[in-house]
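Asker: Position 289, counted from 1, in the sequence shown is what this note's numbering calls 289; the numbers after and before it change by one each time, with no gaps.
Some clues are possibly wrong.
[Unchecked claim] Pairs of lysine to aspartate or glutamate, EDC-like flavour, derived with a Cα cap of 20 Å:
| # | residue 1 | residue 2 |
| --- | --- | --- |
| 1 | Lys226 | Glu179 |
| 2 | Lys198 | Glu180 |
| 3 | Lys198 | Asp17 |
| 4 | Lys226 | Glu272 |
| 5 | Lys224 | Asp167 |
| 6 | Lys226 | Glu187 |
| 7 | Lys198 | Asp5 |
| 8 | Lys195 | Glu124 |
| 9 | Lys224 | Glu180 |
| 10 | Lys195 | Glu3 |
| 11 | Lys226 | Asp5 |
| 12 | Lys224 | Asp175 |
| 13 | Lys226 | Glu191 |
To be clear, the hints were calculated from the coordinates, so they are not data collected in a lab.
Being a predicted model, the structure only gives us computed values, none of them experimental.
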Amino acid sequence: MLEVDPHILTSRNLTLDCRPANESGGHVMGVLNVTPDSFSDGGQFDSVPRAVERAQEMAAQGAAIIDIGGASSRPKGASYGKGAELVSAQEEMDRILPVVQRVASLMPDTWISIDTFRSDVANEALRCGAHMINDITALRFDPSIATVCAQHQAPIALMHSVGMPGDMPHLMDHDNVVEEVISALSEAVAEARRKGCKHIVLDPGFGFGKSHTNNLMLISQLSKLKRLGCPILIGVSRKSTVGHVLANGGDTPPPLDRLFGSLAITSVGLQEGAMLVRTHDIRETANFLRVFGATRSTSEA
């Protein structure tokens, strides 16, 4: 039997090459929140027609993956207020499943990821046509979600975070954030593999329970995460750390004005080995990755 390459994701009839030598420069994971309360785009796409239209637009702009979320993960803190409230599994499914079914029907060549930490939501979404699961708790909320992914032969993304959905802190200072993240994700990877997961993606959790300094340190040393042998996903788009740096002691720019700062941090993440970039700004990020990939392939020729 041929050994599975963990950096080549497969699901249903789709394949995504996430090997670091890939000349694409990386792949865009477009954020599609069908929620009323997400920090950047809550309420914009909370109807099926608007969500499907946005998914089609994102694919046309260069998104390889559409990451659909039905429960806000907004942490609590000065930048985000009291944080997102935990919605029921049924409400989460009511929000995402009609969108998943429609997008899967209209866009068979586009990956559909589901941003959920619940195994029952993951199971129904995968049954409806989704290809992978994006768990922001790295199995801490519901370890059975790994079993569900294994049963569907679907990749799972595991993100480092602190706290639980509905009570996630925003700014916490860690003495050795890089090693803490690696240690926690190493345990999650081991558990996911024990449950039968073949394709695992790792996300360091930029902005989740970490100080601004922690976030920047994590990105600058992201290559250390490669020791776990999994593709790396980063999500820095419009995050408060970007706003904090851009403010430079003055007024913090709103999320929509953080594109160039987000791309600057993304460039460091790519140089450190990330191959998947979760973003709200699809066209701009896809163009950035295209140029980044071209320069990298030329330098390595």
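Asker: Now, for every hint given, state plainly whether the structure supports it.
Answerer: Hints versus structure:
With a C-alpha separation of about 12 Å, the suggested pair Lys226 and Glu179 falls inside the 20 Å cut-off, and the hint holds. Distance check on the hinted pair: Lys198 and Glu180 sit about 24 Å apart at the alpha-carbon level, beyond 20 Å; violated. Between the alpha carbons of Lys198 and Asp17 the distance comes to roughly 15 Å, so the proposed pair stays at or under 20 Å and holds. A C-alpha spacing of about 9 Å is found between Lys226 and Glu272, which places the hinted pair at or below 20 Å, so the restraint holds.
With a C-alpha separation of about 29 Å, the suggested pairing of Lys224 with Asp167 is violated against the 20 Å cut-off. Between the alpha carbons of Lys226 and Glu187 the distance comes to roughly 15 Å, so the proposed pair stays at or under 20 Å and holds. Straight-line distance between C-alpha atoms of Lys198 and Asp5 comes to about 9 Å, which keeps the hinted pair within the 20 Å bound. The suggested pairing of Lys195 with Glu124 holds, with an alpha-carbon distance near 19 Å, which does not exceed 20 Å.
A distance of roughly 12 Å separates the Cα atoms of Lys224 and Glu180; the hinted pair therefore holds under the 20 Å criterion. Between Lys195 and Glu3 the CA atoms are separated by roughly 18 Å; this keeps the pair inside 20 Å, and the hint holds. Only pairs whose Cα atoms come within 20 Å are accepted, and Lys226 paired with Asp5 is accepted, the gap being roughly 14 Å. The straight-line distance between the Cα atoms of Lys224 and Asp175 is roughly 17 Å, inside the 20 Å bound, and the hint therefore holds.
A hinted pair counts as satisfied when its Cα atoms are at most 20 Å apart, and Lys226 with Glu191 qualifies at roughly 18 Å.
Checked against the numbered hints listed earlier, the structure breaks hints 2 and 5; every other hint is satisfied.
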